[in-house]
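Residues per chain are reported as follows:
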Amino acid sequence: MNAVEFQLLAAGLAIGLGTIGPGIGIGIGFSKAMEAIGRNPDASGTIFVPYILGIALTEAMAIYALVIGLILIFAVG
Amino acid sequence: MVGALLASAVLLVAAGWFIRRAERVPGRLQSLIELPIEWIAGIVRNTGGKRSAEFAALVIAVFLFVLVANLIGLLPGVGTVGLAHEGEHGEPTLVPLVRAAAADLNFTLGLAIIAFVAFVAWGIRANGVLGYLKELLIAEPAYMTPLLTPIHLISELSRVISLSMRLFGNIFAGEALLAVMIVLAPLLVPAAFLGFEVLVAFVQALVFALLTMTYITLAIAEHRQHDSQAAHPGTEPERKEASPAPGSA
Numbered sequence: 195m196n197a198v199e200f201q202l203l204a205a206g207l208a209i210g211l212g213t214i215g216p217g218i219g220i221g222i223g224f225s226k227a228m229e230a231i232g233r234n235p236d237a238s239g240t241i242f243v244p245y246i247l248g249i250a251l252t253e254a255m256a257i258y259a260l261v262i263g264l265i266l267i268f269a270v271g
Numbered sequence: 004m005v006g007a008l009l010a011s012a013v014l015l016v017a018a019g020w021f022i023r024r025a026e027r028v029p030g031r032l033q034s035l036i037e038l039p040i041e042w043i044a045g046i047v048r049n050t051g052g053k054r055s056a057e058f059a060a061l062v063i064a065v066f067l068f069v070l071v072a073n074l075i076g077l078l079p080g081v082g083t084v085g086l087a088h089e090g091e092h093g094e095p096t097l098v099p100l101v102r103a104a105a106a107d108l109n110f111t112l113g114l115a116i117i118a119f120v121a122f123v124a125w126g127i128r129a130n131g132v133l134g135y136l137k138e139l140l141i142a143e144p145a146y147m148t149p150l151l152t153p154i155h156l157i158s159e160l161s162r163v164i165s166l167s168m169r170l171f172g173n174i175f176a177g178e179a180l181l182a183v184m185i186v187l188a189p190l191l192v193p194a195a196f197l198g199f200e201v202l203v204a205f206v207q208a209l210v211f212a213l214l215t216m217t218y219i220t221l222a223i224a225e226h227r228q229h230d231s232q233a234a235h236p237g238t239e240p241e242r243k244e245a246s247p248a249p250g251s252a
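Those protein sequence lines, which keep their order, are chains V and F.
Numbered according to this note's numbering, the first sequence spans residues 195 to 271.
Numbered according to this note's numbering, the second sequence spans residues 4 to 252.
To be clear, the hints were calculated from the coordinates, so they are not data collected in a lab.
Honestly, I wouldn't trust all of these hints.
[As the list claims (entries may be wrong)] Some chain V residues flagged as far from chain F (calculated, every beta-carbon gap over 10 Å):
hint, residue
1, A208
2, G217
3, G221
4, I222
5, A230
6, V243
7, L247
8, V261
[Unchecked claim] Interface residues of chain V toward chain F, partial, derived using beta-carbon atoms under 7 Å:
hint, residue
9, A250
10, A254
11, I257
12, L260
Think of the CB as a built atom: it goes at the ideal place given N, C-alpha and C, for glycine as much as any other residue.
With the rest of the complex left out, here is chain V:
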């Protein structure tokens, strides 16, 4: 394998491994939100906004992995 192939492999690994954690995290967050709505359906409006924010902040980790992947592909000569 030459350098470019290693670069592509590294980019794939970065995004692939980097989405494991956020995937688990978003799953936990979603399940807890559903639990909370199940217990108190009236609160679904209140839960919605903090839920979206929490998901967005968890997702940021996956986005950093995406940035690293893009850097590996395009920015590293």
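Once you have looked at the hints, place chain F on chain V.
Relative to the frame of chain V, chain F by itself:
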């Protein structure tokens, strides 16, 4: 870029129509325009704290702009109108005239920089220049400053990166996903993914607007924390109400 201009044009036309034709008892079209604005305004009012009226307009504008830009990019057939180009090896290729605006990093980075300027400006306005710099550069127990200040600075800057890359990544990945699905299973299957992308377009617009709001609220609330501790130490609950959002990204 044409996509972003088109989104602005749609919003401007809607706004112009609204100014001329708005009535006290809303008709069907007027209700359609009012619905998302009232909904997001309600969210800002409920979670933005006492000073939410100051930045509600910014949050609503960001939400509508990103939402319309995303949805324009999802219109079927939009990508087929374009300029013909000679490719690298002489084969003809099509450069689409209108793409999803957020699939271009320049668009999302521009919006993220607007959001950054907004929350820094609100922080300075609520805190004063010196107060803001003190908040930024000096950690709470003073001896922790050398360790915590770089982290604080990086987390502050990473907000711009995560805001812009989140929108870009989601919309770009959506486009790529649709393209792959069209190649893999050209019949019916891409329609389901198109529906999913409509949901993503909406959620990402909401996330961008809400995060902008949260960062502004945090910038203002940091000031309040010090204020209320200095003036009346017993106003804890009010402070909690002012910053309901989770910590910085």
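Should the label of L247 (chain V) as a non-interface residue stand, given a Cβ cut-off of 10 Å to chain F? 6 Å, violated
Minimum Cβ separation between A208 (chain V) and chain F greater than 10 Å? 13 Å, holds
Given A250 (chain V) as an interface hint, is the shortest Cβ-Cβ distance to chain F below 7 Å? 4 Å, holds
Taking 7 Å as the limit, does the beta-carbon of L260 (chain V) come near enough to a beta-carbon in chain F? With a minimum Cβ separation of about 5 Å from chain F (threshold 7 Å), the hint on L260 (chain V) holds.
Given as non-interface: I222 (chain V), partner chain F, CB spacing beyond 10 Å: Nearest chain F Cβ is 14 Å from I222 (chain V), so the label holds.
With d taken as the least Cβ-Cβ distance between G217 (chain V) and chain F, does d exceed 10 Å? 14 Å, holds
V243 (chain V): least C-beta distance to chain F exceeds 10 Å? Violated, since 6 Å does not exceed 10 Å.
Against chain F, does A230 (chain V) hold up as non-interface, every C-beta pair farther apart than 10 Å? 15 Å, holds
Run the C-beta distances from G221 (chain V) to all of chain F and say if the shortest one exceeds 10 Å. G221 (chain V) clear of chain F: closest Cβ-Cβ about 16 Å, beyond 10 Å.
Restraint: I257 (chain V) near chain F, CB-CB cut 7 Å. Satisfied or not? 5 Å, holds
Satisfaction of the A254 (chain V) interface hint, Cβ to chain F closer than 7 Å: 4 Å, holds
Exclusion check [V261 (chain V) not at the chain F interface, CB over 10 Å]: 5 Å, violated
Checked against the numbered hints above, the structure breaks hints 6, 7 and 8 and satisfies the rest.
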